[in-house]
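**Student:** Sequence:
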Amino acid sequence: MSRYEPREIEGRWQRVWADEGTWQVPNPGEPGYDESKPKAYVLEMLPYPSGEPHVGHLKCYSVGDAIAHFRRRNGFEVIHPMGYDSFGLPAENNAIKTGVPPLVATEKSIDSFRRQFTEWGISIDWSRELATHTPEYYRWTQWIFLQLFNEGLAYRTKAPVQWCPQDATVLANEQVVDGRCERCGTEVVTRNLRQWFFRTTAYAEQLLADFEKLESWPEHVITMQKNWIGRSEGAEVTFRCDEAGLDFPVFTTRPDTLFGATFFVIAPEHPELEGLVADTETEEAVQEYVNSVARESVQARGDESRPKTGVPLGCTVTNPVNGEEIPMFVADYVLMDYGTGAVMAVPAHDERDYAFAEAFDLPVRRVIQPGPEEVASDRGEASADSSEAEAGAEGDDQPDGDSLPYTGDGPMVSSGRFDGLNNREAYDRIVEWLDEEGRGSASINFRLRDWLVSRQRYWGAPIPIVHCPACGMVPVPEDQLPVVLPEVEDYAPKGQSPLEAATEWVETDCPSCGASARRETDTMDTFVDSSWYFLRYLDAGNTEMPWSREAADHWMPVDQYIGGVEHAILHLLYARFFVKALADMGHVGVVEPFANLFTQGMITRDGAKMSKSKGNTVSPADYVSRHGADAARTYVCFMGPPERGGDWTDEGVEGVHRFLSRLWRVSSELAEAGDVTDSGDDGAAAWRSFGLSLPQGVAERAEGEARELLTKAHWAVDKASRDFSRGFQFNTVIAAVMELVNEIYRTRDGLITEEDGRQCLRFAVATAASLIQPFSPHLAAEVFQQMTGDRVWETPWPVADPEMLRSDTVTIVIQVNGKVRDRIEVGESAEKEEILALAREAENVARHLEGTETVKEIVVPGKLVNLVVRPA
RNA sequence: GCCCGGAUGGCGGAACGGUAGACGCCGCGGCCUUAAAAGCCGCUGCCCCGUCAGGGGCGUGCGGGUUCGAAUCCCGCUCCGGGCACCA
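The first sequence begins at 486 in the numbering used here and counts up one residue at a time.
Since the hints were derived computationally from the structure, they do not count as laboratory data.
Worth double-checking, as some hints may not be accurate.
Listed below are the simulated BS3-like cross-link pairs for lysine-lysine, each with C-alpha atoms no more than 27 Å apart in a straight line [what the hints assert, rightly or not]:
| # | residue 1 | residue 2 |
| --- | --- | --- |
| 1 | Lys1304 | Lys1341 |
| 2 | Lys582 | Lys979 |
| 3 | Lys979 | Lys643 |
| 4 | Lys1317 | Lys1304 |
| 5 | Lys698 | Lys522 |
| 6 | Lys582 | Lys593 |
| 7 | Lys698 | Lys524 |
Let the hints inform the model, and build the full structure from the sequences given.
**Tutor:** As structure tokens, this is what we get:
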């Protein structure tokens, strides 16, 4: 007998699918679209094409493809496209190192990705393929930029920004991790530069609120985004500096501690700082301090544990609640880009202010006493009496609950007419009072900042703006798009865009007045490209617009999005922002792009993340050529729950290959044993119409092993269907099919010799093929055709017959005092009394009941009996 | 520090509060073969009693609790992984 040759089988079916365009789905209204079916948009995050695909890609697209197949066979019209996120730094850095232009390296890599996706047999609608580096695509990226610009959602401004010295470009906040560049790990520094931003903060509230509109996202991804957006409620309060004639608003989440403010701190980047100290004796010291802070890396400055530093400014502000003059400082623990860049310092009730007060020997004034619970917990009777409070605050012999800084709740002290009130109540009252007095108001602050989108790099979409000496910033007219990325000689980053060197391209005429003007030379962050690609798939060939509203209305939102958790914040947040902005402009009808999100876990090797430097990488191509795509794909889905990671082992792939070989072998053996047409045309017809059924009479006649095999097949269908829907438990779906194949082998010898037995075997084998199809589509197609003459991908997902899931007898476990002592077989509908009687008779049970009296009898029908006894 | 995950045989992992360890890997034994590979069949949590048949005990990171019954629920920890963090 011949053996399982995956390469041969896989190539053959791949050709069928390519020739017939099996996975192509037109848009509604076009020929071939089935309006009667519900739609499903199944999408995996598009790959960044660099070199060859790795196992992470294999897993992502294997998982996504399984979902796509499952949806198709459950009656959905499934759109499942593919593209490439092909602008980006790695290709550019590679160009600098090797001299190979980014375009050349990128397109070579795309070819490799496309070839491998085909060899893996991923069911992709190639008619919708896109690559973000092509002018056909980035024309529309530029178009969206202009829409945002016209809406005031894209703007250019000078601001302190994060600069990566290695990549010589600015970075978005989201691209700075622990003060280092997300890409290259270099410590970033702060620079004051004129840059382009998208106004993501305009959607901060909606980005939070619309989590409600999602169907199913992993909870931890939502949490991460919520933390990133970082909404906090509080109040904005104005402190006035009379000497300078300036008002300093601050944001505080604790207006209830206003009376405890004993000093005031502003950030080194604060715009008023320079003027405030100009021509004073503190000017020099302040200047020196500001310079030293500017030299520090973002990481060093972010270190919470190091001692507080700062410089007094020699002037004061007035606390609006009590008229006190409190001294001003500049200190780097106050950040310019959160709140207003200035804080009121309440050392008694804030860790950082306390540390600063200690370092600079500043007064600490307690304004909240420990609440009742705290008092109870530290046996000292801390006086809640407001008149005595002052004494307790400065004492250095305080017991536990009284220690400062105190961040809990309790009654107010030293707070004028708010004394005695609980601080939570005082919070509202103080805000009300501030509002009435015009010295402050309730306010909400977000951690989220606007998205810095300009980059001083080459390999990205040019920003479609022209700078005219007369007209200022002029958008390139839509009919002149795309602004094509020019070729340059030198990609090396020099702190300004390499596009500056393309003088012929840079020098242009103002679209507005015709005078000579210069093009914007910064390019866009590549996250801009990937923030809308899922819309372009819907109408990929459209040359009039980025997508038609009808196409978007039909297919959006993405029903199932699949990708790595590493994009939990950046990509997903940006894409959500884009869709909200586009919705407000009327270009799409949904406000959330991804209704359901699935994040797959990372595959490791020898317990470690794969990397070229560790030499533990796995090349999918090697395994595909050795064991076949089906084995590699099925293995990554079998390793464990797909949302969790897993460690790659060669033995594991071989095990799956063995399982697939067994299925193939029994199939070809059966094909030889009897012609499919033996079961008549109605055999194949039955598959088409019922999904899963046998020729007339066979099931009814089946007994013994034949019956057991049919039962197992229906059990597998039921189990697989349930686990598929239950959070994509692919590992147990595959295990169920393995069990079925094992049962086929157990019963094979007895059944293969006669016609009915062969029918049952054929049924079981076809069922196994049908169930494994989402993971091993080639082998499934081969086996299913051998068994039924039909095409498995055109066959509905099978449904188990409830009659076949029932068995006549059930095993009842008998416990005595919770310990399993025996098992009995009883009729399916046995009565409680009958079961109990049989249970007591069971040999081993009877022994354990000797010399005892029964206290309680628990009977779980069809499952177990627990006899609770005690010595008589 | 705060917020999420996770911990089950030699390994990856299964188990609506009801037979812990499905399925796979590794290992061991048998069959086939001149031999090997491949394949097929079987065994495989740990310990103890028994010649066998079989029986008993222990066991899901640790300590408590709820329950007839807990890997699963509750309380308190430990360790590992991830995210956020001078955010006022």
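**Student:** All hints are to be evaluated individually against the structure, with a verdict given for each.
**Tutor:** Each hint tested on the structure:
Between Lys1304 and Lys1341 the CA atoms are separated by roughly 14 Å; this keeps the pair inside 27 Å, and the hint holds. Of the pairs offered as hints, the one joining Lys582 and Lys979 holds, with about 15 Å between alpha carbons and a cut-off of 27 Å not exceeded. Distance hint between Lys979 and Lys643 is fulfilled; the C-alpha atoms sit about 20 Å from each other, no more than 27 Å. At roughly 20 Å between alpha-carbon atoms, Lys1317 and Lys1304 fall within 27 Å of each other, so this suggested pair holds.
For a cut-off of 27 Å, the pair hint linking Lys698 to Lys522 stands: about 24 Å separates their Cα positions. For the proposed pair Lys582 and Lys593, the alpha carbon gap of about 17 Å is at most 27 Å, so the pair holds. A hinted pair counts as satisfied when its Cα atoms are at most 27 Å apart, and Lys698 with Lys524 qualifies at roughly 19 Å.
This entry satisfies every hint, going by the numbered hints stated previously.
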